[in-house]
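Asker: Given the coordinates of chain A, assemble chain B onto it according to the supplied hints.
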Amino acid sequence: MEKNNARSHRIACLKLTLTLLAVWAFVSFGCSILFRPWMDTNMPAIGSVPFGFWMAQQGSIICFVFLLIVYAVCMRRLDGKHGFSEE
Amino acid sequence: MDQDTLNYIFIGLSFALYIGIALKSRASSTKEYYTAGGGVSPLANGMATAADWMSAATFISMAGTIAIGGYAGSRFLMGWTGGFVLLTILMVPYLRKFGKATVPDFIGDRFYSKLARFVAVLCAVFICMTYIMGQMRGVGVVFSQLFGIEIGSGVIVGALIVFFYAGMGGMKGITYTQVAQYCVMAFAYTIPAFYIAIALTGNFIPQLGFIGDYIAGGEATPFLEKLNNINQELGFARYTDGSMTMVDMFCITAALMCGTAGLPHVIVRFFTVKNVQAVRKSACWTLTFIAVIYLTAPTIGAFSRVNLISQLNGIKYEDAPEWFARFEKTGQMAFEDKNSDGIIQYTGPLAYRASDGSLVVASSADAKEALKLSKDEANPNELSFGPDIMVMANPYMADVPPWAIALLMAGCIAAALSTAAGLLLVLSTSVSHDLLKKIIKPGLTDKEEVTWARIASFVSLAVAAYFGINPPSAFIAKTVAFEFGLAASSFFPTLLIGIFSKTMSREGAIAGMVCGIGFTLGYIVYFQFMEGDARDYLFGISPEGIGTIGMLINFVVSFVVNMFSPAPPAEVQQMVEDIHIPSGSGEAASH
Numbered sequence: 001m002e003k004n005n006a007r008s009h010r011i012a013c014l015k016l017t018l019t020l021l022a023v024w025a026f027v028s029f030g031c032s033i034l035f036r037p038w039m040d041t042n043m044p045a046i047g048s049v050p051f052g053f054w055m056a057q058q059g060s061i062i063c064f065v066f067l068l069i070v071y072a073v074c075m076r077r078l079d080g081k082h083g084f085s086e087e
Numbered sequence: 001m002d003q004d005t006l007n008y009i010f011i012g013l014s015f016a017l018y019i020g021i022a023l024k025s026r027a028s029s030t031k032e033y034y035t036a037g038g039g040v041s042p043l044a045n046g047m048a049t050a051a052d053w054m055s056a057a058t059f060i061s062m063a064g065t066i067a068i069g070g071y072a073g074s075r076f077l078m079g080w081t082g083g084f085v086l087l088t089i090l091m092v093p094y095l096r097k098f099g100k101a102t103v104p105d106f107i108g109d110r111f112y113s114k115l116a117r118f119v120a121v122l123c124a125v126f127i128c129m130t131y132i133m134g135q136m137r138g139v140g141v142v143f144s145q146l147f148g149i150e151i152g153s154g155v156i157v158g159a160l161i162v163f164f165y166a167g168m169g170g171m172k173g174i175t176y177t178q179v180a181q182y183c184v185m186a187f188a189y190t191i192p193a194f195y196i197a198i199a200l201t202g203n204f205i206p207q208l209g210f211i212g213d214y215i216a217g218g219e220a221t222p223f224l225e226k227l228n229n230i231n232q233e234l235g236f237a238r239y240t241d242g243s244m245t246m247v248d249m250f251c252i253t254a255a256l257m258c259g260t261a262g263l264p265h266v267i268v269r270f271f272t273v274k275n276v277q278a279v280r281k282s283a284c285w286t287l288t289f290i291a292v293i294y295l296t297a298p299t300i301g302a303f304s305r306v307n308l309i310s311q312l313n314g315i316k317y318e319d320a321p322e323w324f325a326r327f328e329k330t331g332q333m334a335f336e337d338k339n340s341d342g343i344i345q346y347t348g349p350l351a352y353r354a355s356d357g358s359l360v361v362a363s364s365a366d367a368k369e370a371l372k373l374s375k376d377e378a379n380p381n382e383l384s385f386g387p388d389i390m391v392m393a394n395p396y397m398a399d400v401p402p403w404a405i406a407l408l409m410a411g412c413i414a415a416a417l418s419t420a421a422g423l424l425l426v427l428s429t430s431v432s433h434d435l436l437k438k439i440i441k442p443g444l445t446d447k448e449e450v451t452w453a454r455i456a457s458f459v460s461l462a463v464a465a466y467f468g469i470n471p472p473s474a475f476i477a478k479t480v481a482f483e484f485g486l487a488a489s490s491f492f493p494t495l496l497i498g499i500f501s502k503t504m505s506r507e508g509a510i511a512g513m514v515c516g517i518g519f520t521l522g523y524i525v526y527f528q529f530m531e532g533d534a535r536d537y538l539f540g541i542s543p544e545g546i547g548t549i550g551m552l553i554n555f556v557v558s559f560v561v562n563m564f565s566p567a568p569p570a571e572v573q574q575m576v577e578d579i580h581i582p583s584g585s586g587e588a589a590s591h
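Chains as they are written, first to last, in the numbering used here: chain A, 1 to 87; chain B, 1 to 591.
These are calculated hints, taken from the structure and not from any lab test. Be aware that one or more of the hints could be misleading.
[As the list claims (entries may be wrong)] Derived SDA-like pairs: lysine to any residue, alpha-carbon spacing no greater than 25 Å straight-line: (1) B/502 to A/83; (2) B/100 to A/85; (3) A/15 to B/555; (4) B/97 to A/8; (5) B/502 to A/14; (6) B/97 to A/21; (7) A/81 to B/576; (8) B/502 to A/65; (9) A/15 to B/500; (10) B/502 to A/84; (11) A/15 to B/583; (12) B/368 to B/378; (13) B/438 to B/118; (14) B/100 to A/10; (15) B/97 to A/85; (16) A/81 to B/438; (17) B/97 to A/65; (18) B/97 to A/82; (19) B/502 to A/6; (20) A/81 to A/37; (21) B/100 to A/24; (22) B/97 to A/18; (23) B/97 to A/45; (24) B/97 to A/70; (25) A/15 to B/581; (26) B/97 to A/78.
The structure displayed is predicted, hence computed values, not measured ones.
For reference, chain B alone in the conformation it holds in the complex:
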C-alpha cells in the first residue's frame, strides 16, 4: 500500500472517531453548549485542554523553529509551559470561583462597566483572530502535503473542514473529541521520535539520546557537539548559542508566558470541571500532558537538523532522496543551483563564496561585512525551506515506517482542528453573547444568539483563511507569538489586578487595557507591515517580545489612572473578597 492511501485511511479513521464522539455527546442545553455542564473529570479536562492548547503552531512549527534557532528556540518551550504555571496559580482558580464562562464577563462585572466589557470583547476578538490565522496556515501546510497541492488551496480545504467541524458539538462535544485528539497527537509526535533516536543515538528514549552520543557516523561523539560542529562548518551560529540577544530572549519569553496566562480560550476550559479543587488538579494533568510533547520537541528539532544536513548538503541533485521531490512539488522546499554544479549546497549567514568558487566561512558577521561581497557571493545558499515542514519531513528523512507517517498527518490535522474549534467557539460567543446580547441588543433570543454566533465564526474563518494564504510573517510560530504579545499586554495585567486588588477602578482598568494593547499592536504593525527598520527597535526588542513592555505600560497606566478615579462600589469589593475563598463555587453559570 502506498503512502498516500495509508494517509487517507488514517485521517479518515480519526475523523470518523471524532465525529462519532461529537455526535454521542451532543449538547442538550445552552449551558452544556458553553461549559459542558461543569461535570467533566479533571483528567479528561486536562487532556482536552492540552489538545486545545497544542495548536498547529506547536505541533508542526515548533520543532522546526528550534532546529533552526537552536538555543534561541527555547523561548517557545519555556514561554508556553511557564505561562501555564502563571495561569494555574494566578488566574483560573479565582475565575472559576467567580463562575461566569467568558473573560469579558469577568472584566465587565469586576469593573462594573459596559465599556470595560466592550474593550475586553475587542481584545478577545483580536487575540483569537491572530491565533486562528496561525492555525489556518498550519492546516494549509498539512493539506497541501496530503493532496500534493499549493498551500493556498490547502488553506481553503482546511477552512471548510474546520467550519463544519466547529459548528457541530458545542463545548461538551468539543471536550470529549479533544480527549481523542490528544491521544492521536501524542502518539503521532513521539513515535517517529523513538525511531529517529534509535537510528542516530542508539538510545530509544529521545530525551536520553539528546544528552547522549551521536553514533550514526561510526565514531561516537556527544550529540550536541556534533550539531555545533555541523552548524559552524556551514556558517550558522553554534546550536547551543543561537542568534538572539539576551534582552530580546528575555522579553519574548516573558511575553509568551504572560500571554499564555491571558488566553481566553484556555481560561474558558477550566469552567468545565466541578469546583476549584478540581481546577487545580486538572491543570496539573494538562501541564503533564503538554510536557510529554514539549520535552520531545527539542529532540526532534535537533535530530531533524542533523538528518536534513547529512541527507541533502553536498549531495548531487539527481541523487537526492525520494522525499525531497515530495516537498519540492508543493513548493515547500526549493533548490536553486546558483553555481550550476548540480550539487545541493546548504549554507548559513556567515558563509560566502570566494572568488575561486569555493565556499568559505567568515569568522564573524563584521568580518564578512568588511569583505564587501556582491549579492551572489554573500549568499551562496542553494536550499530553501520553511521551518513549518520540518516535523513532517522528519520521518521521511529517518525512514520511519509508512504507518507512523500517516499517523503523524492525522496528528497534525487533530492539532489544528482542536485549537481552531476551541478558538472559534470563544470568538463567536464573544461576539454573539458579550457584544450583541450584553451590550448592543439585550432582547436577543437564544436562537438569534446562536445564529449570530454562526455568522461570526464564518466571517472570522474567512478572514483567517485570507491571512493564512497571505501570512503576515513567514512562520506559523511567529504569527502566534504576536498573538501572545497582544494577550500579555491586555488581558493578563487587567485580570491580575482585577483578581488581586479590590480597589482598582474601572477607569484605571480600561485605560490600562487600551494603552497596553494599543502600544503593542502599533509596534507590531509598524515593524512587521510598514517595513520599520530593525535598527529602530526599542531597547533592541523585536515585535515578538514587545508584549512585555506593553504589559508594563498597562500596569503603570492602570495604577496612575486609579489614583485619580473614585473607588469601586462596595458590592464589587465584596465580590473580589469572595473569589479568594475556594469553596462554594457551585456549577458554572450559563448565561
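Chain A extracted, bound-state conformation:
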C-alpha cells in the first residue's frame, strides 16, 4: 500500500510539473521571443506598450510568481491526499 501510494503521488506530481513547465515555456519563450512579432500585432496593447514587449519585460515575471504559488498550493494538497503531509 505504502509503495503504491508513493507511485501515484509521483505520477500526480509529474503531471503537475509538466503542466506548469508548459505554461512557463509559453509565457517566456513563446509570447516573449518566438511569437513576439505576432503577439505585438494581434494582441491588445498593455497601456501604450505592445503585448509581446510587455510580456518580455513585465508580464512573464508576474506569471512566474503565480506559477510558484500554484505549485506550492497544489503540492501541499497532493501531499495531504497521499498522506505525506508534515504540517
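Answerer: For chain B alone, kept in the frame of chain A given last:
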C-alpha cells in the same frame, strides 16, 4: 550636509546593522555554520535567498544593460526569474529531501563515485569563481564612486571588506544579515524609481508610468514611442526591437534559465528551512521578493535612457550638469570632442558624419557600409560610458534627494556583499569539505577543515580581485552570463538526470558533465579571449548563449554513455525513489 558625508553615514549605519546581526546570530556548531541548523522560517529564508541571488550584477548593471539593449535586455529579466521556476519545481524539493548540504555531495552519492564528486567540485569552483569576478567588478564600481578613486583601487578596497565580512558568521549569521540586506536593497532600488516616474510620467508607480505617457516635454506622448524616436534620431536600433537575433536571444535566455537552476550557492540556501513543504513556500517568497526588483529594473532602464540623452546630448560641455563631472573624475564617463565644437554629441551605430560636418543617420547597417566612410566619419559618438554606472548616475540625473542617493550606495554595497559572502562560503566548503576531506585527506579534523576553508576563500578572492581589475568582458552582467552558461552545461543536466532517472550510471553522468562544461568553456575562451571572429559563431550563437548547446551535449553524451555502462547499484536506485517522497526529510545533515 554634502553628498559624500551622507553616503558615509548611510553606509556606516548599514554596516553597523549587518555586523550587529552577524555577531548576535553567530554559529555555535559546524552544523549551524553550514546550514544554519535548518530552522529558518520560510519568509526569512525567502528574503535572504533573494539577497543572495540579487548580485551586484543584477543590482548595478542590469538596468543599464536594459537601457542600452532595449528589448534585447529582456533576456536577463526572463532568464534569471524564469530559471527560478525551474529551480523550484525540478530541483530543490528533491535535493532538500536528500538532505546533504552541498551539490557535490549529492552528485558524489547519487553517482556513487569519487570521480563524479571531484568533477562536481571542479565545476562548482569554476562557476563560483566566474561569479565572484563579476561581483568584485561591481564592488569596485561602487567604491570608486564612493571615494572618488579609480576602479582598480575600488576593487582592492572592496575585496578586503568582503574577506573580513565573509569570514565572520557562517550560514546562520549570513542568513539573518541577508534579510537586512534585502530590505536595504529593495528600498534603495525602488525609491529613486518613484521620484523619476513622477518627474517623467506623472505617475508615481514606475510600472504604470512605463506603460503610460511621457509628460516632461510638455505634450504627452506614449513613453515607449518617445524612447523609440529618441533612439532612432541618434542612430540606435528602436528600443522595442533591440539588436539581437531571435536564435541568440532564445539561447541566451535558455542558458540563463538553466544556469540559474544549477547554481550551487542558491541551492544550498534551501537547506536552511525545516522540510520540503517549507522549501516550496520559501521559494514562493524568494521569487516574490526578486520580482519587486525585477519589475522595477526595466522601468529604471527606460527612464534613465531618456534622462541621460535629454541632459547630455547636444549640450555644451561647460553647461553639462554637475553630476557629469563626478563620473568623469572616476573615469566611468568620458567626453571626447571629436569635431572640437564644445558640444556633447551622443550617437549610435547607424549615425555618421557627412562631409559637410553634419550628423546623418543611415537607413540600415548595409547602407552605411556602402558609403565607405573613414574611421572618424563612421563613429561620430563623443560620449562614452559603461552600462554599469547607469543605476548610480540615474538618481543624479533625476534630481532625487541626497538621502535617497546615499541609500542607493548602501544598497549597491549590500548587493555585492551578500552575494560574495554566500559564494565564498560555497566555494571554500567545496574545497575544504568536498575536495580535501571527502577525496584527498579523509582524516582531516574540523579545525583543519576550517583553516583550509579560510585559505581557499583568500586565494579565490585574490584571483577574483585580479579579474575584477582586468575584466575579461566589458560589462558585469556579461561576465556573470558566462557563469550561467557554465552552470547550465554542467550541473543542471546532471542534477536533473540524477533526480528523475534512477538508471543513469556514474559513467554517463561524468562523461556528460565533462563534455558539457568542456565544450562551453572552450567556446567562451576561444571567442572571448583568443579573439575568435564573431562570424564563425556556431549557428550565430554568441558565447553568452552557448551554454544551451553545452547542456544538450551533456544530455546526449550522458544517455549514450549510459547505454554502454552497467546500471547503478540497488541502494542508489532506492535512494532516487526515496527523494521523490516529500515527507521525512528531517533536519539537514551536517557533514
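Asker: None of the hints should be skipped; say for each whether it holds.
Answerer: Going through the hints against the structure:
Note on residue 502 of chain B and residue 83 of chain A: the hinted pairing holds, with a Cα-Cα distance of about 24 Å set against a maximum of 25 Å. Of the supplied pair hints, the one linking residue 100 of chain B and residue 85 of chain A holds, its CA atoms being roughly 21 Å apart against a limit of 25 Å. At roughly 22 Å between alpha-carbon atoms, residue 15 of chain A and residue 555 of chain B fall within 25 Å of each other, so this suggested pair holds. With a CA separation close to 18 Å, the supplied pair residue 97 of chain B and residue 8 of chain A stays within the 25 Å bound.
For the given pair, residue 502 of chain B sits about 15 Å from residue 14 of chain A by alpha-carbon distance, which is consistent with the 25 Å threshold. As the CA atoms of residue 97 of chain B and residue 21 of chain A are separated by approximately 22 Å, the hinted pair is consistent with the 25 Å bound. Restraint check for residue 81 of chain A and residue 576 of chain B: the C-alpha separation of about 22 Å stays at or below 25 Å, so the hint holds. Restraint check for residue 502 of chain B and residue 65 of chain A: the C-alpha separation of about 31 Å exceeds 25 Å, so the hint is violated.
Annotation: proposed proximity of residue 15 of chain A to residue 500 of chain B holds, straight-line Cα distance about 13 Å (limit 25 Å). With a C-alpha separation of about 22 Å, the suggested pair residue 502 of chain B and residue 84 of chain A falls inside the 25 Å cut-off, and the hint holds. With a C-alpha separation of about 19 Å, the suggested pairing of residue 15 of chain A with residue 583 of chain B holds against the 25 Å cut-off. Restraint check: the Cα-Cα separation between residue 368 of chain B and residue 378 of chain B comes to about 8 Å, which is no more than 25 Å; the hinted pair holds.
With a CA separation close to 9 Å, the supplied pair residue 438 of chain B and residue 118 of chain B stays within the 25 Å bound. Note on residue 100 of chain B and residue 10 of chain A: the hinted pairing holds, with a Cα-Cα distance of about 22 Å set against a maximum of 25 Å. At most 25 Å may separate the alpha-carbon atoms for a hinted pair to count; residue 97 of chain B and residue 85 of chain A meet this at roughly 14 Å. Among the hinted pairs, residue 81 of chain A with residue 438 of chain B is inconsistent with the structure: their alpha-carbon atoms are about 40 Å apart, more than 25 Å.
Between residue 97 of chain B and residue 65 of chain A the alpha-carbon distance is near 23 Å, which keeps this suggested pair within the 25 Å criterion. For the hint pairing residue 97 of chain B with residue 82 of chain A, the CA-to-CA distance comes to about 17 Å; that is within 25 Å, so the pair holds. This hinted pair checks out: residue 502 of chain B and residue 6 of chain A have alpha carbons roughly 15 Å apart, not beyond 25 Å. For the hint pairing residue 81 of chain A with residue 37 of chain A, the CA-to-CA distance comes to about 44 Å; that exceeds 25 Å, so the pair is violated.
Proposed proximity of residue 100 of chain B and residue 24 of chain A is contradicted: the alpha carbons are some 29 Å apart, above 25 Å. A hinted pair counts as satisfied when its Cα atoms are at most 25 Å apart, and residue 97 of chain B with residue 18 of chain A qualifies at roughly 20 Å. Between the alpha carbons of residue 97 of chain B and residue 45 of chain A the distance comes to roughly 44 Å, so the proposed pair goes past 25 Å and is violated. A C-alpha spacing of about 21 Å is found between residue 97 of chain B and residue 70 of chain A, which places the hinted pair at or below 25 Å, so the restraint holds.
Note on residue 15 of chain A and residue 581 of chain B: the hinted pairing holds, with a Cα-Cα distance of about 15 Å set against a maximum of 25 Å. Between residue 97 of chain B and residue 78 of chain A the alpha-carbon distance is near 17 Å, which keeps this suggested pair within the 25 Å criterion.
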